[in-house]
Amino acid sequence: MKIVSKPIDVIVIFKIKEKPIPYKFKYVDCGCSETREIKVDKVITTAKSRIAGVETIVYRCQSFIGGQIITYELKYIIDEYRWVLYKL
Amino acid sequence: MTVLHIDANSAYLSWTAAWLIENGESIDLRSVPSAIGGNPKNRHGIILAKSIPAKKYGVKTGQSIMEALSQCPKLLIYPPDYDLYMGCSEAMLSIISEYSSVVERYSVDECFLDCTGSERIYGNPLDVADEIRNRIREELGFTVNVGIGPNKLLAKMAGELEKPDKTHSIFYDEVKEKLWPLPVSELFMVGRATTRKLNRINIKTIGDLANMDKAYLKAILKSHGALIWNYANGIDDSRFLRGDEVMQKGIGNSMTIKYDVYDKKEAYVYMLSLCERVGLRLRKHGFKASLVRVRVRSSDLNGYTHQLKLNFYTNTTSEIYMYACNLFDECWRGEHIRQLGVSVGGFTRENIYQMSFFDMSLGERRQNEKMDSAVDAIRNRFGETSIYRGTFANGIIKPLEGGTNNGNFISMGGHGK
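Protein chains in written order, with this note's numbering: chain A, 1 to 88; chain B, 89 to 505.
Fair warning: there could be bad hints in the mix.
[What the hints assert, rightly or not] Simulated pairs of lysine to aspartate or glutamate, EDC-like, Cα-Cα distance not exceeding 16 Å:
| # | chain 1 | residue 1 | chain 2 | residue 2 |
| --- | --- | --- | --- | --- |
| 1 | A | K48 | B | E227 |
| 2 | A | K48 | A | D9 |
| 3 | A | K87 | B | D169 |
| 4 | A | K87 | B | E110 |
| 5 | B | K254 | B | D215 |
| 6 | A | K2 | B | E113 |
No wet-lab data here; the hints were simulated from the structure.
Given the sequences, and given the hints that come with them, work out the whole structure.
Listed below in structure tokens is the structure:
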């Protein structure tokens, strides 16, 4: 996986006493410059990170895209309340 | 006593590098000629930190960006981000604080940690040092050097021995072997001027200094001579200071003007805008000052300062400005001005200060204090340029000048909201 760090729009589920769970996200695919909507099928792991002092939650996720299972990472930047497609 | 000194390697540069990598940058700034400093777009400012490959090209900290680029045309320059740096510094401090309650934050990228008596909880100090080092590298994405010693001085000197990402120790029995062979300029508190004086009396290494007669050094360098002799012998009895025990010594702002100023009235306007910034920062810190200093740098890059000790304390912009103008009048020799600076010092806390019987301007000061606090409140709520003096209306001079850090951390000189 390579770091891409692209800002994304995300629909998130908030549950009682749980970390926010990404449900669906939109991102612009640079290859074909079209907006793709991807449903997060499975969150495999979550980990808190604070590289360079920035508090984040990194989600390793899995989705079924174009006939194959793709693993990628989403990141929630806590201080800035925003999401990025972290690794792909 | 066992002291650990933790120092981030090329702090500003490695913090920026870690942040950039995390945000998709493919190049690690630490592995290419790169530097942090000023504004690379308008080629303004100085080098604040450089990478090890940049050092090989002769790029030096404090050098102007133009000079650095002439030495290394491929040099990548990034502007500083003080909020990021404070975030990194806080994160580093939070990891270090897990190992002891006695931590002294020495600067934005350096900490001292007293781990005396914690061996039974955390084990050997060398293991603690390695654990801290590894954790900072893995969790925060940058490297630190850890020095271990029986006091703060030796811990700091040990941390400087070999870089980056290393743990070193200098205990009393290792002073001779590890500290003494180093050049005397490497010793803490020995700067360029002292090195020159010491070289003149044939002191080249720290060992030469340690073996010199203390009384002789004291005769030449006064109390500083005794201090560095102690340091050369590994003697340091300074205690750990908590954050709030360290009081800031000065607040100042300066600006390099885009063109040369030779009109006194125009210089006054620049001084006023600098005083606005200095006054605002002074009040934000909750201090009053009793010393005003003016710095003038002419177009041939010669600079001089002039200062005045007041017999009262003030934090009002108008009063700082009045004294700054008087000082400017006294010292300015009529040459074209390239840079102006105003700074204040001799602080006391805002609410605790000695009043003077002979202070004739007390009433006026009270009025000005009220006005300044109202102006500060308006600026705080609606922005810095929401209210300003008529002098700056429709002019090219900004109502508040000086300072590039508009971040949130006032201890870094930030003046953001």
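Going down the list of hints, with the structure as the test:
1. A/K48 to B/E227: Status holds; Cα separation ~10 Å.
2. A/K48 to A/D9: violated, 21 Å
3. A/K87 to B/D169: Violated. A/K87 to B/D169 sits at ~25 Å, over the 16 Å cutoff.
4. A/K87 to B/E110: holds, 10 Å
5. B/K254 to B/D215: holds, 12 Å
6. A/K2 to B/E113: holds, 11 Å
In summary, the structure is inconsistent with hints 2 and 3 from the numbered list given earlier, while agreeing with the others.
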